[in-house]
Structures are given as structure tokens and as C-alpha cells.
Amino acid sequence: MALQMFMTFGSWNCLLLLVALEYSKASSDVNESANSTAQHAPNAWFAASSSEPDERISVFELDYDYVQIPYEVTLWILLASLAKIGFHLYHKLPGLMPESCLLILVGALVGGIIFGTDHKSPPVMDSSIYFLYLLPPIVLEGGYFMPTRPFFENIGSILWWAVLGALINALGIGLSLYLICQVQAFGLGDVNLLQNLLFGSLISAVDPVAVLAVFEEARVNEQLYMMIFGEALLNDGITVVLYNMLIAFTKMHKFEDIEPVDILAGCARFIIVGVGGVMFGIVFGFISAFITRFTQNISAIEPLIVFMFSYLSYLAAETLYLSGILAITACAVTMKKYVEENVSQTSYTTIKYFMKMLSSVSETLIFIFMGVSTVGKNHEWNWAFICFTLAFCQIWRAISVFALFYVSNQFRTFPFSIKDQCIIFYSGVRGAGSFSLAFLLPLSLFPRKKMFVTATLVVIYFTVFIQGITIGPLVRYLDVKKTNKKESINEELHIRLMDHLKAGIEDVCGHWSHYQVRDKFKKFDHRYLRKILIRENLPKSSIVSLYKKLEMKQAIEMVETGILSSTAFSIPHQAQRIQGIKRLSPEDVESIRDILTCNMYQVRQRTLSYNKYNLKPQTSEKQAKEILIRRQNTLRESMRKGHSLPWGKPAGTKNIRYLSFPYGNPQSAGRDTRAAGFSDDDGSNPGSPSITFSAHSRIRSLQKQQAPEIIPMKSLRRGGKTLSFGYQRSTSQEEHMGGSRRVALRPKPPFHAVDEEGESGGESEGEAFAVRSRWTTDRGHGRDYHRSHSPLLQRK
Amino acid sequence: MGVAHSHSASEEVRELEGKTGFSSDQIEKLHRRFKQLSGDQPTIRKENFNNVPDLELNPIRSKIVRAFFDHRNLRKGPSGLADEINFEDFLTIMSYFRPIDTTMGEEQVAQSRKEKLRFLFHMYDANSDGRITLEEYRNVVEELLSGNPHIKESAGSIAEGAMMEAASVCLGQTEPDQVYEAITFEDFLKILQGIDIESKMHICFLNMETMALCH
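Here the protein sequences come in this chain order: D and U.
According to our numbering, the first sequence is numbered sequentially starting from 6.
According to our numbering, the second sequence is numbered sequentially starting from 34.
Take every hint as true, because none was put in to throw you off.
Derived EDC-like pairs (lysine to aspartate or glutamate); straight-line CA-CA distance at most 16 angstroms:
1. D:Lys507 to U:Glu89
2. U:Lys149 to D:Asp504
3. D:Lys357 to D:Glu346
4. U:Lys79 to U:Asp122
5. D:Lys536 to D:Glu345
6. D:Lys455 to D:Glu385
7. U:Lys223 to D:Glu497
8. U:Lys223 to D:Glu496
9. D:Lys382 to D:Asp123
10. U:Lys79 to U:Asp116
11. U:Lys62 to U:Glu121
12. U:Lys79 to U:Glu89
If you want the footprint, here are the derived chain U segments under chain D, 3+ residues with CB under 8 angstroms:
13. 190–198
14. 219–228
Simulated from the structure, these hints should not be mistaken for laboratory data.
All C-beta atoms, glycine included, are put in the ideal place defined by N, C-alpha and C.
Just need the whole structure built from these sequences, with the hints factored in.
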């Protein structure tokens with residue numbers, strides 16, 4: 006069904022395009038002819054005016070040329086967006102093929118239409134437009150979304166692999182192709198070494214990030230992820246530097262004139278260009294971070310500053326013939342950390358989304374242009390060149406991967422396995438970068454440009470479609486280690502316990518802690534950089550972030566309890582004592598296993614998740630957001646109802662009121678307490694008891710030795726029947742939990758205590774209060790809740 | 034802390050190396066971490082584990098913390114809990130998680146595996162009687178299910194189901210009328226025979242500054 010919709014969209018747009026192109030063709034035909042009588046024709050199609058030219062105002066006119074370029078560009082982008090919508094509607098597709106496939110197909114479609122209608126495509130792509138407008142957003146997005154910590158931890162390996170890999174690939178492919186060209190039989194004798202080297206450099210521009218989405222689910226480990234990401238990030242920069250250098254070589258010298266001095270100068274230049282670009286980027290990054298420090302009052306220009314400074318770094322570097330790509334990357338990386346702390350939340354979101362949007366527009370345009378070039382007459386097909394190009398691309402990539410990783414594995418503490426290396430080798434998918442560079446080859450220097458373009462197109466098509474589609478199954482195949490043997494309940498429990506244990510011990514020994522990572526840089530950062538670059542009002546933001554952290558934890562737990570109420574209880578009730586040995590029926594085992602898998606707390610996932618085309622919020626964020634929204638709604642409702650403090654109500658009402666435990670140490674707040682106090686005047690909010698219940702059970706596990714002293718637990722049990730019907734109402738439960746939680750975080754929460762029957766009530770309150778006060782003295786953080794204790798006292 | 038004294042530092046380190054099997058690099062790193070946790074005190078108490086923020090989210094947090102103070106793990110007695118542990122005890126506990134050195138003999142490998150499983154057994158067996166009863170097992174299941182009150186009943190059933198499975202594994206068909214009370218350590222070993230302990234219960238202490246997992 007989704008596919009049909011996709012087709013409908015596609016066909017609608019085809020129709021639109023066709024219509025537009027027909028009109029444009031007609032109008033362009035018309036405009037070309039100087040004959041004035043011909044100008045009547047369009048007018049005649051619409052309302053007829055007088056037959057005399059130039060004297061009457063025509064009622065309807067058509068001027069397509071004026072808007073042609075933006076119109077068509079917009080149509081292309083819209084078409085690609087519609088295709089993407091269709092692509093994601095059918096949810097299995099993104100896992101099957103990378104989105105680049107889709108964009109290429111759309112491009113081919115547009116190309117087909119343009120070719121079919123014999124229309125002259127607008128000059129969207131030429132050298133300056135590409136390098137000045139289309140390329141920076143793509144690179145900026147890559148740099149901004151890069152996870153900095155893993156990147157810097159692995160920076161040695163990444164640099165080694167990216168730089169040397171690109172060089173080996175470029176030079177290797179270039180040289181081998183040159184050798185092929187020497188063979189007279191293929192008719193390629195006029196392609197000299199420099200041209201081959203240039204071709205080698207542009208064809209080795211890989212875009213492996215495009216395939217990351219395909220095997221995201223297959224738990225790629227973080228190291229591998231970073232290698233692929235890092236390679237994608239630096240590869241563009243390196244190939245463009247090489248490309249420009251070799252073009253300069255081609256322009257300045259004929260092949261015979263090149264001396265070793267020139268080659269040495271070339272190498273030196275390579276290094277200077279790279280390093281210089283990075284320096285530029287860092288400087289601009291710091292400047293922009295510094296400026297965002299002062300933008301509290303005009304937060305609307307914060308995204309502007311971020312984008313303009315990044316772009317400026319690119320342009321400034323390009324002015325000096327340094328690598329703009331590396332500059333903009335370095336700028337994004339430097340800027341991100343400080344800017345994120347300085348800008349407001351909405352600016353931050355704006356920046357992220359706008360960046361994604363810009364880069365996706367750029368890439369779409371390039372791919373469409375690629376499609377347009379595919380369907381056309383300007384191809385030169387040379388079997389030998391193309392086949393050997395394909396072959397050499399794969400061969401040289403394999404050589405570079407295995408050789409370079411063999412060396413770097415000697416120095417790494419966690420070497421890459423052969424499986425990882427295979428994945429890296431196979432993810433060498435070419436993308437928009439190589440096509441652009443091929444397309445922009447100057448025809449004067451490269452008489453056989455068409456052949457190069459054709460070869461590039463073939464390589465891109467091959468790698469994107471064939472490799473892109475098969476890499477998913479390959480990774481999943483490589484990943485499957487054990488047979489899918491169903492584990493027994495015991496084994497599952499034990500394995501889960503061991504996972505948690507391992508995670509816990511790792512936490513204890515500081516494996517994941519932030520303290521040990523790059524101590525020196527952190528100290529430097531704290532002492533100097535942050536003082537300069539980050540805004541003054543730090544205390545407020547730390548409370549805000551603390552609040553967010555607390556909410557996140559509570560949200561996670563609330564969702565746990567909330568979700569779990571919806572699972573069906575299909576567990577057959579078994580006897581309390583095990584009488585003899587009975588066999589568990591398979592259905593029982595299945596249902597037990599289902600419950601376990603749904604409900605056991607997931608061990609923290611440390612793997613990263615990056616999608617080039619999409620900003621996916623993490624699940625905990627999504628849940629937290631949803632709960633926040635619900636909570637705000639509840640709060641608004643409760644405000645509207647005009648609830649006052651509970652002790653203002655008459656004592657006769659049969660309320661269910663709940664204990665409110667103070668928040669302890671913020672770090673343990675999430676675990677220890679559930680504040681469940683809120684005001685209500687009917688018994689329709691029994692949701693909270695589940696919270697307090699879970700709080701109690703946690704308290705129980707936390708303070709095992711003090712278990713007998715936690716009396717509120719018992720008092721709750723006494724009133725068990727009134728509380729039990731809270732479990733059925735799952736949705737209201739969440740909302741009220743939300744409302745309660747929110748309210749409780751305010752300085753003076755409306756305050757309740759559990760009240761079942763009269764006589765036990767007082768007792769329980771007293772004991773609860775005793776527990777509470779002990780708690781606050783233990784934790785020492787009950788500043789807000791000491792105040793709340795007094796109303797209770799007064800009440801008694 | 035003894036290691037701070039320069040003249041006896043290397044001796045102490047060597048002694049610790051011999052006892053626990055860590056290398057001096059690892060001992061140094063762990064010592065730094067110990068000082069962080071303890072706030073530069075010579076011993077750690079239970080409260081110090083509150084300084085590990087990520088541990089808060091762990092459902093079996095209490096058991097993990099308890100395991101550090103368990104006399105059985107510290108090899109100081111058959112039962113009971115210590116109040117505080119010093120660095121040597123810390124290392125002793127950590128040594129349970131060292132990767133099994135496969136170059137050692139069969140005997141040694143089996144012994145290491147048994148040690149790790151014993152550590153795990155002690156986590157289940159809260160009252161130190163050498164057996165895991167239904168009650169203790171149920172407690173573990175409840176903790177794993179994050180103490181959710183909804184599933185309290187099913188936690189009980191799950192525990193029973195697990196016990197029955199264990200019974201069928203350990204007792205077989207020979208005595209159908211026997212009531213299976215508790216899991217002993219030998220039974221525990223039998224149950225966990227199929228699981229690859231090596232990858233699950235070891236932590237790379239080599240380079241604790243990176244975030245990579247070892248496979």
C-alpha cells in the first residue's frame with residue numbers, strides 16, 4: 006500500500022513536471038523566434054485579446070524563463086522529499102537499502118523526464134556552485150554530528166586509516182589504471198599518468214556513512230562505527246585536497262616537466278593544506294563559541310552565528326588555498342561543545358534541524374544531477390577502462406584495509422577482527438563526492454572527460470546498489486555467532502544477571518566514567534576555556550540540567566511501571582510449594598520468557614546511533630518527552646480545577662492520599678523515592694499507589710537490613726484492597742503519576758499521606774514521618790521537604 | 034595507603050601482583066580509582082558507592098555493592114559482611130573479573146571458571162547457607178524486573194519455573210517424588226554449564242580509559 010502511495014506521488018510529480026516542461030518548451034520555442042506573430046500563440050491559447058501585437062495588455066501571460074531555475078530546483082527537491090516519504094512509509098525499506106539508492110533513482114527519473122522532453126536542464130552544477138554552496142553543508146553536518154569523545158579516543162587509528170587509506174587508494178588506482186592505459190589494445194593511450202592519478206583520487210572518495218543505517222540494528226561496535234564515521238569525515242577533505250593539487254599540477258606542467266622537487270613540494274603542500282585548514286577551523290570555532298556567550302537576549306540569531314561562522318571558516322580557508330573542508334569540520338567539532346551549552350534549547354534544536362535540512366538538500370541536488378547526467382547522450386563507454394576501474398577499486402580498497410589495519414592492530418589494545426575489517430572493506434560505497442569531482446573536471450585539460458564521468462557513474466551505481474543492498478545481510482550473517490537455540494529460563498536469568506553485574510563492576514572501576522578520559526584536556530578545558538567561552542549564569546543551568554537528569558530517570562522508571570501494566574498476565578498460577586517435579590509446559594515457558602524479555606531492565610546500550618538523513622530521538626528521550634507533555638497537561642487541568650491544599654478539605658471525605666517521600670541525594674533520587682503527593686478530591690486517582698509501592702519495594706531492596714523498620718509498607722498493605730484497583734487504570738496512572746511528580750518537585754508540594762482506616766492512619770503517618778525524617782537526616786537534602794513536613798504535623 | 038611510600042611501594046605492588054594476578058599498570062590504575070571512590074581514605078564503605086552515578090540505574094545495585102563486602106568473596110570467612118574494605122580487598126574482588134588466561138592449563142581454566150561462578154553464586158545466596166532457596170531466587174528475579182509491583186506475582190511464578198527447570202536438570206528422572214528445595218553450588222555449576230562465562234564475566238583492565246568493550 007505504501008508502495009502504491011509512493012507510486013502515486015511519483016506519478017503526480019511526473020505529471021507536474023511534464024506539464025511544466027511542455028509549457029516551458031513551448032515558451033522557449035516561442036521566445037526564440039523573433040517573429041512577432043508567433044507571440045500571439047500563447048496568448049491565443051488563453052483568453053483572446055486583440056490581434057494587434059504590442060498594443061494591448063494581454064490578460065494571461067506565461068513567462069517561464071524567469072522562474073525556470075528556482076522552479077525546477079524546487080520541483081526536484083520536492084520530488085526527492087516525496088520519494089523519501091514514500092521510502093520511509095514502507096518501514097522495511099530503510100533497512101534493506103541505503104537512502105542513496107533512492108536518491109539516485111529519483112535523479113534517474115528526473116533525468117529521464119528531462120531527456121524525454123528534450124529540455125535543457127538548468128545549470129545547477131558548475132564548479133563554483135558546487136564548491137561554494139553545495140559542499141559546505143554536507144561537510145558541516147558530518148562534522149557537527151560526530152560524536153567527539155570516541156573520535157578523539159580513536160584519533161590515531163582514524164587518522165592513520167583515513168589519510169593513508171585515501172592516499173593508497175588514490176595512488177594505487179591511478180597507477181594501475183595508467184598501466185592498463187599503456188596497453189595499446191584498449192585504445193586508451195592518450196590518457197596520461199596525471200589524468201589517471203586524478204581519476205584515482207576522485208574515485209576513491211567514499212561515502213560509507215550512507216550504509217550505516219543499513220546495519221545499524223546489527224550492533225556494530227563502537228570502534229567500528231567510529232572508524233567508518235571518521236573515514237567519511239576526513240575522506241572528503243583529503244580527496245578534494247589531492248584533486249586540487251593534481252589539477253594544479255596538470256595545469257602548470259606537462260608530464261615531462263615534472264621534477265622530483267615538484268613532487269616534494271606537492272607533498273609538503275598537502276600537509277600544509279590539511280593542517281592549515283584544521284587550524285583555521287579551530288580558531289573560528291573558538292570565536293563563534295565566544296560570541297554565543299553573549300547572545301542571551303537575542304537567541305534568535307544564535308543559529309545564524311553558528312552557521313555563518315562555520316561558513317566563514319570554509320571561505321577563509323579557501324581564500325588561502327587551504328582545505329576548506331577540513332576547516333569547516335574542525336570548526337564544527339570545536340564549536341559544538343561550547344555552543345551547545347550556551348545557546349537556548351530552541352536554538353539548539355533549530356541548529357540541528359537546519360543543518361540536516363541543508364545537507365540533505367545539497368545531497369539531493371547532487372544526486373539528481375547525477376541522475377540527469379546518467380540519462381543523456383554525453384557518455385563514452387569504454388569496456389576496458391570501466392571494468393578495470395571497478396576491479397581496481399575493490400582490489401585496492403581491500404589491500405589498503407587489510408594492510409593498514411594489520412599495522413594499526415599492533416598498536417591498539419583492542420584490535421579489529423577480520424570480520425570488522427571485512428565490514429569496513431565492504432562499506433566502501435561511493436557517493437555524491439566522486440560524481441561531483443568527476444563532473445567538474447575541466448574539459449580543456451581532460452579531453453576524455455566523458456569517459457571518466459561514465460566510469461565514475463558506473464562505479465557509483467555498482468557500489469551503491471549492489472554493495473549497499475547486500476551489506477545488510479552480510480553484516481547480519483557475520484554477526485550471528487551462536488545458533489538460535491532457545492535458552493532456558495535459568496540461563497536467561499543468569500545471563501541477564503551477569504550482564505548487569507559486568508556493567509556494575511565496570512562502573513565501579515571507572516570503565517565508563519568521564520573522569521578518566523583525557524584528564525589533562527579536561528582540566529585545561531575547565532580551568533581556562535570554559536571560563537572564557539561559556540556563559541556566566543552557570544548555576545542556573547546546572548540546576549536545569551539536574552532537573553532534566555532527575556526527570557529523565559523518573560521518566561524511565563515511570564515508563565517502566567506504566568508500560569508493564571499493559572502486559573497480559575497469562576502466567577498460569579502454580580502451586581506455592583513445589584510438589585514433586587513437574588514439567589513446565591512449553592506455553593508456560595514461552596509466556597515466562599515473554600514476560601522476562603519485555604520487562605527485564607535492559608542493560609545500557611553503549612553503541613552509537615547515527616543516521617545521515619534523519620534526526621532520531623533516543624527512545625528514552627521520546628518517552629521522557631511524552632511523559633512531560635502528559636504531565637503538563639495534567640498539571641494544567643489540575644490547576645484549572647482549582648485544587649487547593651489538601652488539609653483545607655473536610656476531614657470526612659474518604660480520600661486516598663499518598664505518602665510523599667522526600668528526594669534524597671539527587672544521584673540516588675531516582676532510585677529511592679517516588680513522590681506521589683498530589684491533591685485530588687475524588688478517589689479517581691489511585692494510580693499513585695503503584696508508584697509508592699514500587700518506591701517501597703526499592704527501598705526494601707536498598708535497605709535490606711532495615712526492612713522491618715519500613716512501616717509504611719505494612720500500612721499500605723493493610724489498605725491493599727483500596728490500592729489494588731490502581732493497577733488497572735494504566736493511562737490515567739501515567740498522567741497522574743506525571744502530575745504528582747511534577748508537583749512534588751516544586752518547593753511546597755501539596756501533601757498527602759495514605760489513609761486507610763482512621764486508627765491506623767495516624768499511626769502510619771507518624772511512622773511514615775519518622776521514616777521520612779530519618780531519611781532526610783541521612784541524606785541531608787530535604788531542604789524543600791522539611792517545609793512540607795510541618796503541614797502534616799499541624800494536621801495532626 | 035601503603036603504596037604511597039616510595040621505598041615499600043614496589044614491594045607492596047609486587048606482593049599484590051602475586052596475590053591477585055594483576056599487572057603493576059593495572060594495579061596503579063585501580064589504585065587511582067580506589068582513591069577516587071574512597072575520597073583519599075584508606076578504606077571504602079558502602080556509602081562510597083554512591084559516588085558512582087551510573088550504578089544508580091543498575092537494578093541489582095544492592096547485590097553488587099554487597100558483593101564487595103561479602104566475607105566469602107573476600108576470602109575472610111564463611112559468612113557475614115565487612116564494614117569496610119581496603120585496597121587489597123578491592124583488588125581481590127576485581128580479580129574475579131580478570132579475563133581467563135587461556136594459555137593456562139585445563140585445570141587452571143576450570144578453576145578460574147569455578148571461582149567466577151562461585152562469586153555469582155554468592156550473589157544469589159544471600160544468607161550464606163550454601164544453597165539458593167526459592168525465596169532467594171525470587172528475590173533475584175524481582176530485582177531483575179526492577180522491583181516492579183505489577184509483576185510481583187509473576188516474579189514468584191518465574192522463580193518457581195526456574196527452580197523446576199533446575200530440578201529437572203539436576204535431579205533428572207530418578208526421584209520423581211522428591212521435593213526440590215534449593216540449589217546447591219554443584220547444581221548451580223550444572224545449570225550454567227552451557228553458558229560462556231568467559232565473555233560475560235570479564236572486564237579488560239588493560240586500558241580503562243577507552244570506552245571499548247572487549248569481545
